[in-house]
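For the record, the sequence lines run as chains G and Y.
Residues 1 to 411 in the working numbering are what the first sequence spells out, letter by letter.
Residues 1 to 411 in the working numbering are what the second sequence spells out, letter by letter.
Treat the hints loosely; a few may be bogus.
To be verified - Computed Cβ-Cβ distance ranges for the label pairs, DEER-style:
#	chain 1	residue 1	chain 2	residue 2	range
1	G	179	Y	160	49 to 55 Å
2	G	156	Y	142	30 to 36 Å
3	G	2	Y	69	42 to 48 Å
4	G	2	Y	265	48 to 54 Å
5	Y	256	G	210	36 to 42 Å
6	Y	186	G	240	32 to 38 Å
7	Y	153	G	142	31 to 37 Å
8	Y	67	G	334	36 to 42 Å
9	Y	186	G	43	53 to 59 Å
10	Y	188	G	243	40 to 46 Å
11	G	397	Y	295	49 to 55 Å
12	G	297	Y	142	47 to 53 Å
13	Y	142	G	243	16 to 22 Å
14	G	326	Y	295	54 to 60 Å
What the hints assert, rightly or not - Capping the alpha-carbon separation at 27 Å, the derived lysine-lysine pairs in BS3-like fashion look like this:
#	chain 1	residue 1	chain 2	residue 2
15	G	143	Y	43
16	Y	143	G	147
17	G	43	Y	143
18	Y	143	G	143
Keep in mind the hints are simulated off the structure, nothing from the lab.
Predicted, not measured: the structure shown is a model, and the values here were computed from it.
Glycine included, each C-beta is placed from N, C-alpha and C at the ideal position.
Protein chains: 2
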Amino acid sequence: MSDLIQKAATLDAADPLAHFRDKFALRDGLIYLDGNSLGALPKASAAAMMAAVEQQWGEGLISSWNDADWVNAPSRIGDKIAPIIGAGEGEVIAADSTSVNIFKALGAALSLQEGRCVILTEEGNFPTDHYMMQGLERLSGGKISTKAVAGDAILDHLDTDIAVLLLTQVHYKTGAMRDMAAINRAAHEHGVLVIWDLSHSAGAVEVDLTASNADFAIGCGYKFLNGGPGAPAFIYVAKRHQHADAVLAGWFGHARPFAFEEQYDAAPGIERFLCGTPPILGLAALEVGTELMGKADMNAVRAKSLGLADLLITAMQPLCRDHGFALVGEPDRTHYGSHVSFAHPHAYAMAQALKARDVIGDFREPNILRLGLTPLYLRFEDVILAVSRLQAICESGEWDRPEFHARAAVT
Amino acid sequence: MSDLIQKAATLDAADPLAHFRDKFALRDGLIYLDGNSLGALPKASAAAMMAAVEQQWGEGLISSWNDADWVNAPSRIGDKIAPIIGAGEGEVIAADSTSVNIFKALGAALSLQEGRCVILTEEGNFPTDHYMMQGLERLSGGKISTKAVAGDAILDHLDTDIAVLLLTQVHYKTGAMRDMAAINRAAHEHGVLVIWDLSHSAGAVEVDLTASNADFAIGCGYKFLNGGPGAPAFIYVAKRHQHADAVLAGWFGHARPFAFEEQYDAAPGIERFLCGTPPILGLAALEVGTELMGKADMNAVRAKSLGLADLLITAMQPLCRDHGFALVGEPDRTHYGSHVSFAHPHAYAMAQALKARDVIGDFREPNILRLGLTPLYLRFEDVILAVSRLQAICESGEWDRPEFHARAAVT
């Protein structure tokens, strides 16, 4: 382990992103390996939130829709997310939840695919992706059907019945990463549109929606974008598809919301993918997180993420050998996102025991200890410390205390 | 006018709700007649928001889903909204936008009405209500149709084709208030379910969903509930209808969200009407506003609201006589909500000129000056002051300055 401590110190000393850590409010001693579930608090967020509450809401009141430019917050923030995921200006908007945006993207894609009635996804996709598809299927009364197939058989199921393929780029559990460009290409050959769920990609890996010729994407504001708990999500629609029907078409998606017209007339651009009144307080926090992420070079972020993962996997080898952990996936992380999962029969208790030692990771059913690697605020040193605490937990057997087996409401 | 000043002083002195004003951060001199568009900032909201940001998010991080009970925020706040609108425990949940909740309520109602395919509303309903209906109609590919008829002809159009009637209880422009119990009764006689939009009702007038045998309702968190700009909205589903299909059925509406199952299995109660991850920061502000509203007796709120409206209408009589204002609706406000509208050919400029004199109301197309009366923080004295400033604006002709005619993005 002492070799690895030395290696971590060297890597930290050379880390071009090291200065970002000070931009986050992280307690000394805490090792936070769950930024892929809820990103840490940027120090600037508290002041921005106070300005939104006390000045904009409290003093500006209704006038802040114009004076504080609340009305453009969704598209302004969308344009700040865009470069992080390789999208163009006017192709991304921040609004609603990821789940609601999945529904919008499905509806929009279907509106472009007359005569095609099947929504395809992979088994084991994140549950809400399945659920939103299933809700649309039920609502359609059988007109639309959903199909989930094994992940490695997706390409075999592309045909002219398929309207849309909904895939998550980086798998929430295993971290496995899809080749976006190749899948778009294969899908387009069959006339299939693709919706990418970027929840574990945006701010985590290099994404180039433009170069990969993506159709639609949605993603999460509260993970690697550090937008706060339940932050507004985003939706990307390629310019060429922006005439699609957003379906969840509320007054903020209208071409003239304040004309109060009775007939829906969709805004010409990405604004049509807004629905109700934008969540201004949530957007204020998301804007800070997004701006901070936007200052980091995504090549550097990815390079550090791979470095952290390599170090973690190397450091975990003794625990894999002696204490029942098994790396999920391959040691070469080139085709994975920014978290590393280890299977263990007592993964839940291990996660709880780690928390008691101030290391926060998370558990995913049925047996996964998931460790998120967030290059903006995680140090190589932290990885080594986390593994050494886990080693102590295993060697002492403390993970087996009854309190570490009691399940909380949210795991 | 001096008689009215005296009357206002007497009414203020006897106002049982007067002590609430100090709970809000309102600048001295400002007369805020737009709390029906964006409610004022409760003083306690800033501290609650800071606690949510700095302690819960910053320090608690992911653990706050359990430790700060984030996971139950939507139902906890729903249960605080319930008594304000005469709903029972477990019948209301705070989530998403009003528009998204309209879609959920429509989908749920339709799921209970097999064989019926028409959604009915009134012409002139708030635009987003129309738009969400229209989106559902387009998505259904003609299976569902929408119908908007004159408001006074609604009851004549109830028949066995109608699945669901979507009505706003208090009209956003005129303030006219529907008799909820009578309409529910008439609708139910034809097997029609009713969705009530309570955006201008909740916290503004006495609403008794239980006694009026309501089916579904949705409403706004940022108006009379003072939940902040773009606050999460709420949805009410009567216990007897909670087996309905929420359609926008995301992972937070699942019976076991953290089991990460692939097949949707709706939560048994009101939680099934959640969709994505709840917007925790917006909910933190909404909780403060809702708690404050919950401390006021709704009978007293309604009595004061009617008193404010009477005083306003009386004080406006000279302006109606001499300066072209015309009261929208009847002077007896028993059948109106908590805002009063006046038509005027230069309503937009009048609203702007009032703003320059620190009186904030709003304009609604095509010619409406809309004045919101929020009993928790408005004094009778404010009403008189606002009218006297408007009188000065009319007498001086200052409303006709060019800058008062320039339209802002949000009106």
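Each hint, compared with the structure:
1. G/179 <-> Y/160: 49 to 55 Å: holds (54 Å)
2. G/156 <-> Y/142: 30 to 36 Å: Once the Cβ atoms are compared, 34 Å apart, the range 30 to 36 Å for residue 142 of chain Y and residue 156 of chain G holds.
3. G/2 <-> Y/69: 42 to 48 Å: Since the Cβ atoms of residue 2 of chain G and residue 69 of chain Y sit about 43 Å apart, the hinted range of 42 to 48 Å holds.
4. G/2 <-> Y/265: 48 to 54 Å: holds (51 Å)
5. Y/256 <-> G/210: 36 to 42 Å: The hint (36 to 42 Å, Cβ to Cβ) holds, given that residue 256 of chain Y and residue 210 of chain G are roughly 39 Å apart.
6. Y/186 <-> G/240: 32 to 38 Å: violated (49 Å)
7. Y/153 <-> G/142: 31 to 37 Å: Holds, since residue 153 of chain Y and residue 142 of chain G (Cβ atoms, about 34 Å apart) stay within the stated range.
8. Y/67 <-> G/334: 36 to 42 Å: holds (37 Å)
9. Y/186 <-> G/43: 53 to 59 Å: holds (58 Å)
10. Y/188 <-> G/243: 40 to 46 Å: Holds: the Cβ-Cβ distance is about 42 Å, inside 40 to 46 Å.
11. G/397 <-> Y/295: 49 to 55 Å: holds (52 Å)
12. G/297 <-> Y/142: 47 to 53 Å: holds (50 Å)
13. Y/142 <-> G/243: 16 to 22 Å: Hint holds: Cβ distance 20 Å, inside 16 to 22 Å.
14. G/326 <-> Y/295: 54 to 60 Å: Given range 54 to 60 Å: holds, Cβ gap about 56 Å.
15. G/143 <-> Y/43: violated (51 Å)
16. Y/143 <-> G/147: Status holds; Cα separation ~23 Å.
17. G/43 <-> Y/143: Violated, because 51 Å separates the two Cα atoms, which is more than 27 Å.
18. Y/143 <-> G/143: Status holds; Cα separation ~10 Å.
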